[in-house]
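Residue numbers (this note's numbering), protein chains in the order written: chain H, 78 to 494; chain S, 2 to 83; chain E, 15 to 998.
Keep in mind that the hints were calculated from the coordinates and are not lab data. Hints are supplied without guarantee of correctness; some may be wrong.
Label-pair ranges, simulated between beta-carbon atoms [unchecked claim]: (1) E/Glu612 to H/Asp228: 23 to 31 Å; (2) E/His964 to S/Gln69: 53 to 61 Å; (3) H/Lys111 to E/Arg613: 57 to 65 Å.
Fair warning: this is a prediction, and the values are worked out from it, not measured in the lab. We put the beta carbon where it would ideally sit given N, CA and C, even for glycine.
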Amino acid sequence: MQRYSAFRLALEALRGHGGWQPAWRDAAPKDRYKVVIVGAGGHGLATAYHLARDHGITDVAVLDKGPLGLGNVGRNTTIIRSNYFTAPNIRFYDHSLKLWENLERELNFNVMVSQRGSLNLAHSDGQRDLFARRANAMRLEGVAIEMLDKDAVKALCPLIDVDNGRYPVVGGFLQRRAGTVRHDAVAWGYARAASARGVDIVQHCEVTAIPREGARAMGVETTRGFIGADKVVLAVAGHSSRLAAMAGFRLPIETHVLQAFVTEAVKPLLDIVVTYGAGHFYVSQSDKGGLVFGGGTDGYNSYAQRGTLPMAEEVHAAGITLMPALSRLRTLRQWGGVMDMSMDGNPIISTTPVENLAVSTGWCYGGFKAIPAGGTCLAHLVATGAPHPLAAHFGLNRFETGAVIDERGVGPHPYLH
Amino acid sequence: MLRITCPHCGPRDEIEFRYRGDASLSRPGPEDDAKAFQRYAYERENPAGMHLEWWLHVGGCRRALKLQRDTASHVIGGAGEP
Amino acid sequence: MSPHRIAGRDQGAPIRFSFDGEAIEGRAGDTLASALMASGVRLMGRSFKLHRPRGVVTAGPEEPSALVTVVRPGRRDVNLPATMVELFDGLEAHSQNRWPRLDLDLMSVTGRLGSLFSAGFYYKTFMGPQGAWERLYEPLIRRAAGLGHASTEADPDSYEIVHAHCEVLVIGSGLAGLSAARAAGEAGRRVIVLEQDRAFGGGALVDGALESWRSSTLAALSAMPEVRMLYRTTAVGAYGHGVVAALERVADHLPEPEPFQPRQRLYVIRARRIVLATGAVERLVALANNDVPGVMLATAARAYVNRHGAAPGRSAVFFVNNDEAYAAVRDLKAAGIAIAAVVDPREPTPIAAEAEAAGLPVLFGHEVTAVRGRRSVAGVRVRKRGTMQERAIACDLLGLSGGYSPQTQLAAQAQLGTAWIEAIAGFAAIGPSPDAEAFSAMIPAGAAAGVFGRLEAARHGAAAGARAAGLASDPAQPPAEAREPAVPPRRDGPIMPLWEVRGRGKAFVDLQNDVTADDMRQAAREGYRHVEHAKRYTTHGMGTDQGRTGGLVGAAVLAAAQGREVSAVGLSKPRPFVTPVSFGALAGAETGAHFKPERRLPLHGWHEAHGAVFVRIGLWLRPLVYSGGDTSWGPVVAEARAVRSGVGITDVSSLGKIDVRGRDAAAFLDRIYANGFSSLSVGKARYGLMLREDGIVFDDGTTSRLAEDHFIVTTTTGKATEALEHMEFHAQCVWPELDVRLANIADHWAQFAIAGPRSRAVLSRIVAGLDLSNEGFPFMAAGEAIIAGVPGRIFRISFSGELAYEVAVPAGHAAFVWDAIMAAGEPDGIRPYGLDALNLMRIEKGHVAGSELNGQTTAADLGLGRMLKKKGDFIGRALAGRPALAAADRLQLVGLHPVNKARRLRNGAHLVSAGEPKRSQGYLTAACMTSEGPHDWIGLALLEGGHGRHGERMIATSPVHDEAIEVEIASPHRLDPENARVKA
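Just chain H, same shape as in the assembly (with noise of 0.2 Å):
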């Protein structure tokens, strides 16, 4: 792998930026692996990386059934935090966190990591005592928190109408660990890194069917052919249940779509990720300058990557109405990215009935910030066959023996998550 640094930078522009070499090798495919992960995402690119250099894997192959990375890796609001509220999902995020702070030396390549501060507003003191409630769980976990108050939030982040006419803001709390990522780079930085330790990336190779011989899967057909695998892997997102009906299964999943959307580049306006949960909306402002935002789900099952108008006209009522400042900055683009929504809201790193065929799948809107950590929790149950301890509650069978996680406590019906 051609290591990035200042020196080569200023060495490749004396000459014209001739000398760069492709980040990842675009691989044709081989006839088998020892593992084939189907989804060049976040996490699929993780796993593989991550089963090359924790376990020594790199008979590896990532397929895609276009070019990697342009999925929810690609789709998302960048923002990474470990503010939960059960203790194993606070573990698992904050060891994602903690993979996220030292990311760009590990791949030699600036994913742009920014722990500028995460900010929730709360509106009562119901949900003041509900914030409490969360930052004290993560205290007990050893992961740091602030409880702000009205006047802290405001010094904090001065566009914050506090005194709103619809909900006011009484406090927050403040992650300041938490923070973005410069989201498509997660996707190259991990496809280089993978790549240079051997795995093959192969781009326009869709799954078309996933052959069984009796309880395990033979490999993939593709469009680019058989490709024959010891293990599969699905880690496709929204797709995840078109993957296992190939293999012959059901996941506890819905496809939704969530809407993004961004303004236009504008000075230094927004120092923090700022989540107004009861306005269903969240901003902040990218490196480049443009305000990163977002609300619910559409509330119906979709695969439509797209943006809808009523879900508009909503994010930035809410928007206004929490900060009223951005009235005049306009929104250049609003995109959608589908969503793989779990019926209790928390992913699923899991086997599945077909013996070798593992599956993350459920990462509802939060699998971004997941993707050092799922990958780790994957590869580990790819090479070892046992789930990592991080990812233990993260089972299939959770459905059937009813130890759900459902942090929202909304139940079984995502288009209410």
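Based on these hints, arrange chains S and E on the given structure of chain H.
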């Protein structure tokens, strides 16, 4: 934005309706065991294509309707009463 | 007159404005760009990354370079294309992205170091040490990036969203659009025409030969009452099913909106058919220094001359690869601008040859290799194609035309296809698709569909309009010729696809984001070969202009770097919005206090007049305590004590109320609730528990049977909407065979709880038709009665743990009945109590509420497991029995109190044991000061295996408050566990 034709009220914007999920599932009965209910409550075909689904016209007549909709293209095949 | 104005052109009245503080005079009808041009200003901005000097390139919304900030009192708008800013008296505009000044920008050092700032340079450096990104690199990058400084003040203007319906929506008012509108209008259809410009006509506005057609067509359209024409209105998004969003800039051309006038208006248009007549946008050619002020698209130069009488230069070179562009050359020449050369890489075509014969210096088979000049074009270098020998030609304007790209963004959004059309070297909208009826309902016409030529576009538009109107061909129609422009058919020779001329110097494919052809090649070299990868890696096409002038050019360079055709590489997916849309317009009027509807109780006014402190719960405003603003515990405890010792009244009208009738009403409720209702006698109420199908508690409430086939269900306030839908869904979809009908009566009935040992005495004074004695109307009785003369319902139920009644009356009589109860209770000292006292009393009694019904608890967790029916089906029956839902270490409801009773309990605290201080074993769900001791605290909690841990001592810890206090676990039912009081 979906425009859904309610059999009672005519074409209306999606925001008047509440989605209620897969209409091809039927609830198991008193004789059925937890496994059957587990399938009903959790497991979904979740197709990328034509999907039979329930919508409640909560912003109108409050009647339920069964809609055939392509989840990938949003082309609506038809709507009818339960 | 300014030497940059063209003599003899109509000039509007003078208008004063300023640019970077300098006072300038423009003319009515000018845009900021034309006014600056006419006063000799060329340098209008600095580029995003390299801070290179930039001038105006286009005459429309596709402008990549001339972006300005416009300041009005209390208002600041950034990144506006000067081409779209209409001049008004007193306009104050500023350049952007420069420091300290536009002409002396010290940040332009980045331009000098430009070779370092190649595509994706930031991914390859700034990688450590940890923390350096946030503290050092990121702040520098953020400050250097961005364009204008956005306002940090609230916006004084208003916005509105309006809904419109039509049979035919025509987007664009050029030759195709107006022709389509006329055809549809003459067929009697309801038509809406959208035009982004301030005038209708599109290309006809800059073509003198079309003026009479334009005015006669507009006259015909204005005579059609069913045709509505909207100008300054851009279709910004197509959402399928015939829905289009359009932004009208109502008052942006004024110093400020008129009174009661919105600044902008978002139209949500529902159309049966859409004619897409959005035309085409000219594209640039990548060549060295193609960003120097004075390099302009040929059509733009023509527009400034013909529409504004502004001279884009004095001596022009044109570099064109198509015949359309010769119209611009001719018009500039006619306006007295010297044509130094027309550089055309093609062999002579008939039109080009005619131009040469008419005296224009055309250099066939030549190409421009570079632009000379730094802040303004000083000349170009030209060579014969295939040779190396260059020569310089002096000029101050380079008119570029690399062809025209159909504007197909809306077509792609509506899922219509696009196809490569060789004859125009571009992607055009094709269609209508087979799905058109069902989804896109869109018919592309004219240049958007790849049909170039004036007559051809008009005819294509007319046909599209007729088709949209549902006409095949109508013989009764007068001959179409009368409606067509009097121009000859198109006889243009072929375009020569020409994307780039390789030379020395930066050749931009995206002027706004400073992306060069070399950047595209580097992206390809590094493996970012797909157009979406290259876009994200280089930022090509991601600016406010969405790369409309250079998008295809960049894609072509990317394709060439891989030895592929641009038609195979394609364009990145266009998403809404076609042009940027303000937050204000998308939000409309529903912001601030109007963001969500606010629900008020029928007695809101009374509560307010009696000192209620309100709390916002969901959409509701509910009285928390009647204290005149005091939010300490004192008034709350006083209210609760009043109830416990005498009588109080509280407004519970926000509860969900559902009227359930039908032969199978009882059977239906048996299935909806986990406990049974068919066994409930008429005239009785029962506490009911609803589960979700997964076995978790969904909601609770009391349900009363008024007749064999008639029940009144109440739900919690928080779940009122969901519970109603849950019941409606099951009644209509799951058990349609049951004879049951539901009516939502939540808003029709006001409901009050009258609680306390004196409640019977008080109510007895005003209730008629019902024996309220303990025998006549025992605990859990329900019945109809006349209350203060108003027919209503009375339920003997209690949330407080005291003898209590709930009274329901039609909401319109709420104030009358409430006042009557207050009057009747005066001798007993009745007082209103709020939500805090209500909550306090239910904690003392150990009743569960929303914080325990949190979507995670089972009936057994809450100590209500015995309520589940042993026989018969109900929602949640099967899955409630799963093993993990019966595990011994589940979080179970307990009561607790501090060992030192006066220590405050924190609602956010967790329970830990002294031996394991870091492991949460549960958490408090409710805490309050009691009505008993002077300052005693009690709480409820969910605790691992809590049912078996009464009497145990634990620590309630709240690290965020730095508190840890010792507590004792107890039964949640502290007050009157035998229920003697409620039955008294």
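Each hint, compared with the structure:
1. E/Glu612 to H/Asp228: 23 to 31 Å: holds (26 Å)
2. E/His964 to S/Gln69: 53 to 61 Å: holds (56 Å)
3. H/Lys111 to E/Arg613: 57 to 65 Å: Between H/Lys111 and E/Arg613, where Cβ atoms are some 60 Å apart, the hint holds.
When each numbered hint is compared with the structure, no violation occurs for any of them.
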